[in-house]
Structures are given as structure tokens and as C-alpha cells.
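Could you slot chain B with the ligand onto chain A? The hints should help.
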Amino acid sequence: MSRERILAAARAALGRSGNPDAGAIRAEAARLVAGADRGRPPRSGTLTERFIERLTDPKVGGTVEQVASLSGLPGAVRAYLFTHNLPASIALPPDPALTALDWAGIATHHRIATDEPVAVGLAACGIAESGSLVFHSAPTAPTLHNFLPLHHIVALDTAKLLEWLEDYATGPACGGRAQPRNVNIVTGASGTTDIEGRLVRGAHGPGFLHVVLFAGG
Amino acid sequence: MRANQPNFAARVDAALASPTLKTAIDRTTGTAERNRARAVAAWPDFQAARDLGRDIRAHVVNNIDHYLVEFERNALATGAKVHWASTSEDACRIVVEICRAAEAKSVTRSKSMLGEEIGLPHALEAAGITRVETDLAEHIIQLAGDPPSHIVWPALHKTREQVKELFAASHRDPGAMEDVESMVQAARRELRAKFMAADVGISGANFLVADTGAVCTVTNEGNAELTTTPPRVHIVTAGIEKLVPSTTHAMALLRLLVRSATGAELTQYTTFHTGPKQPGDLDGPDEFHIVLVDNGRTNMLADGLAEMLRCIRCGACLNHCVVYRNIGGHAYGGTYPGPMGSVLTPALDGLPAARDLAHACTLNGSCQEVCPVRIPLPTLLRGWRDRSWREGLEPSSVRTALGLWKFVATRPWLYRLATAAAVRGMRLFAKRGWIEAMPLAGGWTRHRGLPAPSGGTFMQQYQAQKRKAR
Ligand code: SF4
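First to last, the protein sequences are chains A and B.
Under this note's numbering, residues 1198 to 1414 are what the first sequence spells out, in order.
Under this note's numbering, residues 28 to 497 are what the second sequence spells out, in order.
Excised from the complex, chain A in its bound form (with noise of 0.2 Å):
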């Protein structure tokens, strides 16, 4: 059976006579992460400050808005969508936070098409140090509104604003059976360098990401 040649070989060449020592291996492991400044890049400005510079460095490509709360978010939507001259009509996942906000001007649906031009959805958290936002599967959040979309317009409540991307790790979304299907840090719209290393927009996910920041609180 391969598994069992492959620890058998794994554990011949590390000269390892019985069963490792899981407790000192683990806190090995802890004390390499442990420095809190250990491999990390520099920073500068509010939380907030942060996240919008990284969001909108040209490498990222993001845009952003800031709302004073969620209920801002449908009027910014209409904003977007007339500036860019798209169809009323947006994918919008059946989040209750996102339904229960008054569209009245815009259809909404939630099955997301192939082609779908634009749709809105929720992060469940910001990470500063690289300007991304964080998705988590759910029945109320689907993956494909993700990445489907031409234009993707996302709210991130600032209150959901981590420092750095381990803050992230050490949460409390992160980790054991809690761990949704798929967890998606996006960084920026879709991009590829594959043709002469030129960056171009938009090659399968999202041309366009353009978040909406709010005080939830």
C-alpha cells in the first residue's frame, strides 16, 4: 500500500526509530510563528487607512466607497451601476443582511448567471495588511457570486477590519469542523500576466471589485 511505504520511506530517512513526538513537534511549530513582528512587512496609518491604500494600489486595482452604514448600501449600488452604465438588475446572495435592504429600483435574483454583469454581496472580513476581503461558503453565501460576476460590488463592515493576514488565521472562522467548505481571500480584481507579462483585467473572475465600507459597529 503506498500510504504505508511512503511514512515507512518518510520515517527511514529521517532516522526516526519509533512514533514522532506530536507535543514537541507542535510546539515547535508554535515558537516558529510566535514572535508577533517576525516576518512581517511594515505598516503606517489607521486600520482603515490601510486597507483603502492597499485595496487601491494599481497592483490591487480595487475601488472604494465608505457609507455610514449598510442601509447605503443600495444607493451606492444605484451610483455604481449608473457611472458604469449597467442594467438595474444585480446577483445578490440570499443573505438576509443583503435582502432585507430596500433594492426598490433594482431587480434582484440569486442565482447567478455564467455571464452575470454585476453582483453585490457581503465579506465576512477585511484584512489590511493586503487590502482583501474575506468570503465564507454558506447556504447564504454561494462561492460562484464570487467569481462569476464582471463587476463585484462588496460591503465590508469596518468593525470586520483585521491587521494582518495571521489575525485572520487565529480566529475565530479559521480552524476545525467551524471551517466553511471554501474560504476565499480576494485581493483585487481578476488579473493574468500570462500574455508578454502584461497585466490585463478581468481574465476569468471579476474585471471589476469595487467594495463599500460601512460602520456596522
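None of these hints come from the bench; they were simulated from the model.
No residue lacks a Cβ here, since even glycine has one placed at the ideal position from N, Cα and C.
Incorrect hints may have been included.
Unchecked claim - Computed far set for chain B versus chain A, every beta-carbon distance over 10 Å: (1) 36; (2) 43; (3) 45; (4) 71; (5) 150; (6) 215; (7) 257; (8) 275; (9) 389; (10) 395; (11) 422; (12) 468; (13) 480.
To be verified - Derived lysine-lysine pairs resembling BS3-like cross-links, with alpha carbons at most 30 Å apart: (14) A:1256 x A:1357; (15) A:1256 x B:49; (16) B:132 x B:108; (17) B:132 x A:1256; (18) B:108 x B:221; (19) B:49 x B:433.
To be verified - Listed below are several chain A residues computed to face chain B (Cβ distance under 10 Å; list not exhaustive): (20) 1218; (21) 1329; (22) 1345.
Showing chain B with the ligand alone in chain A's frame:
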């Protein structure tokens, strides 16, 4: 995957003779080099981060048996099925069997170098299963019938004109394709429906997270998630060295991986896949299979190549290698090109077939300077040279020449005489400081000039300096 010509020298000749290859390589690797330099300059403690990267990867390699078992246990608990494959044949057989059981007609695949290493594209084709490569570069080389020529940009050897031709010949709706943007749009249109129609999606893994059983993929196009979400079955093929203790460790490595590869802070899409669809989920696969592949890795561990197992496949050593930048990826003849490929290929394909690779290195050390996990690539390459010598794989011409050199070099008076004569001799062939042709130097001068020696030999210059100082 092997390139057409059987021997290294012939492949290098073909690469150097290509009128477009050098320009194509420089465009992509040059951009990558500049972007990496910018990212590293913005992070004063980058060297400390590299130490951390090295330590995490070394810790995993030193405890790989422990982490394999832990990962398996946690992945099983999420509902994933875990398969083990000692060889590339085992791995391909397992994947094809899963596809057959799912009655798969069409399979989408998101770029995975391990998939190339084990020959998965070929195995799927041989089984009569339609394979759709979804990464833009993989799509291009699938249409061209080429093997990848870089581990991050597999199609960097293709110019935009060549891509345009390929798309025009095969896409249903290619459009005018006047610029690179419209070519990318053409591929988006072409692949859209195929993503949704596939029965099975196959991906690789950038990391296997031991304490959650999650599989981490990193892509910039979004094709991985479009490959793994719609089909009924998701299969992951991953080398056993891809393990990390926890998500926290994965994050520390992601910082290094992305900056070293493209100079970005984080790639657009970093996804942790954990098991199949959960109750109530509206999308995601019903079955989630993970194939853990050894294919020579435990041998590398036993044979003094443990350091190479730290590799996170960032491609920086390729982008900074003077040899890679002149000959491109295909000339190396293996799945993995450049410095990391020159170390890996003899381990994967056998030293007799790949002994030339260790010699095609100037040992300038650039690869080691940029490697995010500090792999001593030049030392490992020297190890292969040494082994090739000891195993008698070096041709007799090399042995004779080295014997001759040793004879001369151990007699300083003779060495000085010979080098002085060589310097004088070379000058006879020089025109305006360059040698365009000279007996015995055809291999060099066919593709580039050789600078003529300007001063005297080292010893002559040394003596002259000493005289001046007096
Ligand atoms: S050897 Fe180092 S630089 Fe080269 S691909 Fe691997 S991690 Fe990157």
C-alpha cells in the same frame, strides 16, 4: 514532459537560434524581476521573513511523517477522501479511476506543476477524457501542444502574435484580437461555458494545512475556484512536501511566495478548500478527493536533497538565472526548468538523463540570493556534479580534459606559460575587443561574441600592480 530534441546541447542550440525566444523571456522575467525588487525594497525586514520561511519549511520537511498523518486525519474528518500515490503512475491511475467512477466526460484543470510532473494531462487524454486547461497560459500551451516553459508563466515563450494565431484557429468566437486585452477576453468567452459543464475539476495545492485538513490554492485569474466549484467532483493532486502546520504558517509563507513570484502583496485569489459541499451549501462539489503524491520525494529526503523539499515553487530562481534567461524552459527537458529544475530533474528523471543540467550553471549564486526559503541551490547543483563524476557518468572527453587541466594547474610555471600563450593567441582573433570566431570556441561564438582579453594574465597584472606599489 520532454522537449523534442533528445540531448541538452541540441535543445540549447534550438533555443538560442530562435529569433523571438530571448525577447519573449525577457519581457516576462524582466517585469517579474523589477516587481520583486520593488516589493522587497518596501520591506526592510524581508531577510528575517526569509529566515522564517526557511525555518517553517525545514520544520515540515523534518517532520513530514507526522504532518502527513495529521493532515490525513483532519481532511478525513471534513469529509474528504485521501489517496496516497508512491509513483506518478499510481497518481494518474487514481485520478483516472475517480473520473471513470464519476462517469466524467469533461474535466477542467487549474494549473498545477505537480500535474505536469506526473504526466496527468497525457493520462487523461489516454483515458478518453476531455481535458480543459483553464489557466490562460495553460490554455495557450494546450492549444499549441507545448509543454510549460516556466513554473509560474508556462506560456512565456509565446509572443502575442503567436497567441493570436492559436486563438483564431481554435476559438468559436475569437473576435478581432487587436490587443492583449481582447485576447484575454476571447479566452474568457471561450472557457466560460466549459467551466460550468465539467463533470470533474482538478487542481493542485500550494499548501496542505495539517491542522484543518484544508487545501490552499493561489491564482490570479480566478480560474481555480471556477474549476473546483461547479463540478460534482473536485480532485486535488499534491506533492507530500506541500504541508504546513497551520493556516498561520501558510499566511507567513504566502507573503514570501507572492512577493518572490510577482512582487504583489497577495495574489488575487487565495482559497482554502475544506472538504465537500456542506449541508445547505448552494454550490461546491459533492465529492472532494486529495491525492498525496510521493514520486521520488522520500528518496530526495534520504539522498541529501531534503533542502530542496522546502521549495514553494515561486519561480524567482528562474527569473534571476542568466542561463534560464538565455535558453528558456524547454531546453532543460524536464517538467521544472531553471535552477530549481536542475536540482529536481535528476532526482525525478534519473541522473544519467539529466547530468547536463548541473553543468549548465555559472554558479553565480543569484538563485540562492532570491530564494524565499533560502535553498542553497548552487551547493545542491555542485552535489549533482560531484555525484555524476563519482558515478562515472561524465564522458571521457571531460575526464581527459580535466586530467590535463589538473596536470597543468598543479604546476604553476606551466600554468602561467599556458595562460600567457592563450591570452596572446586569443588576441589574434579579436576585432575591436570582441572575438566573433575562433577554433574550439564555436559553441560560444555561434550565438554571441566573446570579449577579448584586455590586460595580461592574472599573474602578469598582479606583478605589475606590485611593482607600481613599490
Ligand atoms: S527554489 Fe526557491 S526560488 Fe526557486 S522556485 Fe523554489 S522557492 Fe522559489
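Numbers of the earlier hints that this structure fails to satisfy, in rising order: 4, 6, 7, 8, 17, 19
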